[in-house]
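> The sequence shown: position 187 = 186 (numbering that gives the first Met the number 0), numbered continuously.
No wet-lab data here; the hints were simulated from the structure.
Computed from a prediction, not measured in an experiment: that's the story for all the values here.
Don't take each hint at face value.
[What the hints assert, rightly or not] Only pairs whose alpha carbons sit at most 27 Å apart, straight line, appear in this in silico BS3-like list of lysine-lysine:
hint, residue 1, residue 2
1, 261, 310
2, 261, 207
3, 70, 42
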Amino acid sequence: MFRRSLRARVLFAFGFFAALLGITSGFGTFAAIVITEDRILEKQLRLSLADYVARSAVDPDAALPHSAYVKSYRDPVDLPTALRAWAAGAPDNGYYEFENEELHVAVATTGAPAEPLYIVADVSGIEASDSEEVWLITGLITVVSMLTLLAIAVGAYIGRRAIHPVVSLAKAVGDLNPEQLSDDDWRRLKAERFHDDEVGLLARTIEKTLKRICAFIERERYFTSAASHELRTPLTVIRGAVELLEQADLSRDASRAMGRIKRATVDMQTTVDMFLCLSRESDDSSYREHFEVGPLVDRVIEQQRHLLANKDITVEVKHSACPSLLGHPQAFAIAIGNLVRNAFEHTPRNQGPISVCVGQYEVSISNPSGRDMHDPEELSQRTSRGPEARGFGLGLGIVERLCEHNGWTFTLRVNHDESDARLSWGSRV
0 MFRRSLRARV LFAFGFFAAL LGITSGFGTF AAIVITEDRI LEKQLRLSLA
50 DYVARSAVDP DAALPHSAYV KSYRDPVDLP TALRAWAAGA PDNGYYEFEN
100 EELHVAVATT GAPAEPLYIV ADVSGIEASD SEEVWLITGL ITVVSMLTLL
150 AIAVGAYIGR RAIHPVVSLA KAVGDLNPEQ LSDDDWRRLK AERFHDDEVG
200 LLARTIEKTL KRICAFIERE RYFTSAASHE LRTPLTVIRG AVELLEQADL
250 SRDASRAMGR IKRATVDMQT TVDMFLCLSR ESDDSSYREH FEVGPLVDRV
300 IEQQRHLLAN KDITVEVKHS ACPSLLGHPQ AFAIAIGNLV RNAFEHTPRN
350 QGPISVCVGQ YEVSISNPSG RDMHDPEELS QRTSRGPEAR GFGLGLGIVE
400 RLCEHNGWTF TLRVNHDESD ARLSWGSRV
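Let's have the full structure, built from the sequences with the hints guiding it.
Here it is, written out as structure tokens:
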């Protein structure tokens, strides 16, 4: 019950409290009636007895207490039949109640010589009958039920009025799309419409926080837009200069240096594209583009193959399917490129092959982990420190960010002798 909505808990609290209060007061009233009627009769008998004792002290021939319901007896034989056997045992002075016979008896020793005096009250016509008690209990239950229903109705009204601002605030916050926040989205909360209470304080706090977030996002967008031009322009100039130099008659050493410059420029271009891709909005048209996965993977492998130039390692590429994916081709290429680069860089010399498999819903890359990964203690220490501590660098963090941004899934399994990285996209083709 307490795991339900706040409104349900308010209703439960009102109904439970009303039922508990009604039951307690009802049974208290019933018990008070039962106890009070016996105490009144007892007190009446004691007063009648005290009055007679006082009068008999002045006038020994004073008449015994007698009325339609209260009668006095000196001789036990004259008592009602149900009391004769009891009186024959010479009971002590005091007050006695016989529930089955509906009789209340006060006993006192008076007169000279002293004789027992029995004052008997017949309450059969005074106390409530069993049927009356049933009706009384039924009435109390009815009153308790009506009070409970009334409390639930009041609780529903109060709960709706009290919780409405919370629901309104939650709906306003829920309508905001965190992927497409703009500078004016914080105004949609309209915190001024809430009263100066806890909900109003919460609304104003959320509005202030959201305002700062929106301002930060706007500054980030401006920086990304400006940085895109500032980063791409010098890279374009460098790549153009490299292409011109490649056409010149260079020495062997200069050609090698030019090749390294060209690869470094490509890597830098990839890095720039990667970070710009992470900061790009989800409504970019590139996120709704069909592309073939197999050719893209082959192109990425060829771009990174220079990393294996001095390692004597073969790469086995298997296409078990020809999937096409609806999404962002550049982001997918960057993610696969990071996985391929990690596999190429961290596979020890002469240990292979590196296996790349393109399936219907995933791309898997498996490579040997190296001789140091055969030590269980070393593997445990590296695994406990996360991907960066295992030497995989920033690449896997970027892959995880790209997968989260595009709705893909990235998994990495490392055992004693092999690492297996997988990028999957479910059934979205």
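> All the hints need checking, so say for each whether the structure fits it.
Status of the hints after comparison with the structure:
Distance check on the hinted pair: residue 261 and residue 310 sit about 21 Å apart at the alpha-carbon level, within 27 Å; holds. About 48 Å separates the Cα atoms of residue 261 and residue 207, which puts this hinted pair outside 27 Å; it is violated. In summary, the hint linking residue 70 to residue 42 is supported, as the alpha carbons are separated by about 15 Å, within the 27 Å threshold.
Hint violations for this structure: number 2 only, all remaining hints satisfied.
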